[in-house]
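Keeping the supplied structure of chain V fixed, place chain G upon it in accordance with the hints.
Read off the chains here:
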Amino acid sequence: MPLLEIRNLVVEFDTAAGPFRALDGVDYTVDAGEVLAIVGESGSGKSVAMLAVMGLLPDTATITADRMAFEGRDLATLSPKDRRQVIGKDISMIFQEPIASLNPCFTVGFQIGEVLKTHTRLSGSERAARVIELLKAVGIPEPERRLSSFPHQMSGGQCQRVMIAMAIACSPKLLIADEPTTALDVTIQKQILDLLLKLQAESGMGLIMITHDMGVVAETADRVVVQYQGRQMEEADVLSLFESPKHPYTKALLSALPENATGDRLPTVGDFRALFETAPKEATA
Amino acid sequence: MLRFLVGRIGLLIPTFIGVTLVAFSFIRLLPGDPLDLLAGERGIDPERKAELLRQMGFDKPMWQQYLMYLGDILQGDLGTSFVSKKPVLTEFLTLFPATVELALCAILLAVLLGIPAGIFAAVKRGSFFDQSIMGTALVGYSMPIFWWGLLLIILFSGILQWTPVSGRISLIYFFPQDTGFMLIDSLRSGEKGAFASAVRHLILPSVVLATIPLAVIARQTRSAMLEVLGEDYVRTARAKGLSPLRVIGLHALRNALIPVITTIGLQVGVLLAGAILTETIFSWPGIGKWLVDSISRRDYFVVQGALLLIAAIVMIVNLIVDVLYGLVNPRIRHT
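Sequences listed follow chains V and G, in order.
If you count the first sequence from 1, you need to add 679 to reach my numbering.
If you count the second sequence from 1, you need to add 3 to reach my numbering.
These are computed hints drawn from the structure, not numbers from a lab.
From a predicted model like this one, the values you see are computed outputs, not experimental measurements.
Take every hint as true, because none was put in to throw you off.
Partner residues aside, some chain G positions facing chain V, computed with beta carbon under 7 angstroms:
(1) Asp235
(2) Tyr236
(3) Arg238
(4) Thr239
(5) Arg241
(6) Ala242
(7) Lys243
(8) Gly244
(9) Leu245
(10) His254
(11) Arg257
(12) Asn258
(13) Pro333
(14) Arg334
Listed below are the simulated SDA-like cross-link pairs for lysine to any residue, each with C-alpha atoms no more than 20 angstroms apart in a straight line:
(15) V:Lys760 to G:Arg249
(16) V:Lys796 to G:Gly252
(17) V:Lys768 to G:Leu248
(18) V:Lys768 to G:Ser246
(19) V:Lys760 to G:Leu248
(20) G:Lys127 to V:Phe692
(21) G:Lys127 to V:Pro737
(22) G:Lys88 to G:Asp36
(23) G:Lys127 to V:Ala740
(24) V:Lys796 to V:Ser850
(25) V:Lys760 to G:Leu253
(26) V:Lys760 to G:Val126
(27) V:Lys760 to G:Val237
(28) G:Lys63 to G:Ser28
(29) V:Lys760 to G:Ser246
(30) V:Lys877 to V:Gly818
(31) V:Lys796 to G:Ser246
(32) V:Lys768 to G:Val237
Label pairs and their calculated CB-CB ranges:
(33) V:Thr694 to G:Leu15: 50 to 56 angstroms
(34) G:Ser130 to V:Ala755: 23 to 29 angstroms
(35) G:Leu115 to V:Val948: 52 to 58 angstroms
(36) G:Gly129 to V:Lys877: 44 to 50 angstroms
(37) G:Leu8 to V:Ala940: 53 to 59 angstroms
(38) G:Val25 to V:Ser804: 56 to 62 angstroms
Every residue, glycine too, gets a C-beta built ideally from N, C-alpha and C.
So that you can see chain V by itself, here it is in the shape it has in the complex (with noise of 0.2 angstroms):
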């Protein structure tokens, strides 16, 4: 049984205009251990998938699947109340502005302990003993003194460290990372995607990271989805996407990755487009 099993997954969102479809028809399939990257331009629907996987649209969106299960319990049926106990607990997720991502208001102790309170039945120490532990984990240096620090008084690299630890501290059976390295400098870009992929190693949890580097797709993940305005366009495994990719957006995609430039410009998914615009809805290899 896979871990998060999509089907159909259609989201529409109510405006000024009338319904906008953000996203038509996706499959996703994540097994434990495994790491799915899920690639596109922005407006391609990648973070509303996952979005709508965790609840988190808002009311104007209708989402409709003909499945969403994860562990093989259906998402789409459960209580607000149940989802909750599923969301933050056993599927979890990381955000692409660390730093606005946490609450200025609160303490970074406070708000690691918040989800350990809320999922758990550790008591005050023992939650702060694990906060601390976590903050380990994931590189933060004096983690004793950090739990008092506020998100202000960290750099944004630290902050996505301590999105991290919020996100794994009960353990999660599956993470989502939404592009959780593109508001960072490109070392710290580095430490955060090694830091997630020996997190995942070590526990042998899903991971989904959502991205737009071809780079960090090609570094972390096992598989690919590849989208493009809401439609899945191509998935296939890493290898097989980068050395034979099948949809012509594919190929523009890879295309226009800056070692491929020639004469004094960057080549554009743009260039291409003639290309995919009137190819097939989706290739799988």
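Below, chain G alone, put in the same frame as chain V:
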């Protein structure tokens, strides 16, 4: 935090000097002479008037009078009322508890109703409740206090006869007013029905005085909540599996309260200004009514003293608000 506090207190000194200048010059800019007003229709002998002006120091140049006034303030002397012959500070301290009691009840009412109303309107944005709450708030904000007070008196005191028209307590109760706070004194007196009477007398003035602050706080809370509910950290809180009550009541509200606290602080000035009207409508024996009476009598020292003390109170409340702001917002505290 200490540096923050010292900086804020340092700012109070020039403000206070500015207030003394305004208080001193304001009453002197009004037409009418206090001695002529005191003498009434009989008039006053010019020689006697000159003698009195000399005694009071009013024959000296304006700048000299101001310096003497400043010197007196520094010694804690705010002067003596022409009318009652009592020191201004003593009169103020006698009347002040009545105003504080009314203002506290009003601000409590405004905060306890305004914040939940604002939160509810923001969470149910665009709904019938949101539009009703915001529409009511707009009406409350736009309503002239004087008219609103009279309207409530006609309805609740005149037609329904649920509440008394004026005063702080029914005349049948006599007990020592040690604290000056009628609610506390009536409770301590042990007289049956005294506390209920004090509460009944407080309801209408509190509602009238709370109307504008309530509307402002509700609108500010709504807009602050709407802004905060769209923030990434609120999404993080929801992603942690926290209950909606905790997400809204703790993670969102704590951040939304930062501008709301500033608004509440600013409303203290509005309350004291509103107290002047409200106390006049309800014959509430507080500093608002005292100030209005003193202005009409050109009681220079009372007007100067009352303005100065009211301004000092507003400044102290604003200082407390600044400190609270720092406590609620760690980003301010640590800069």
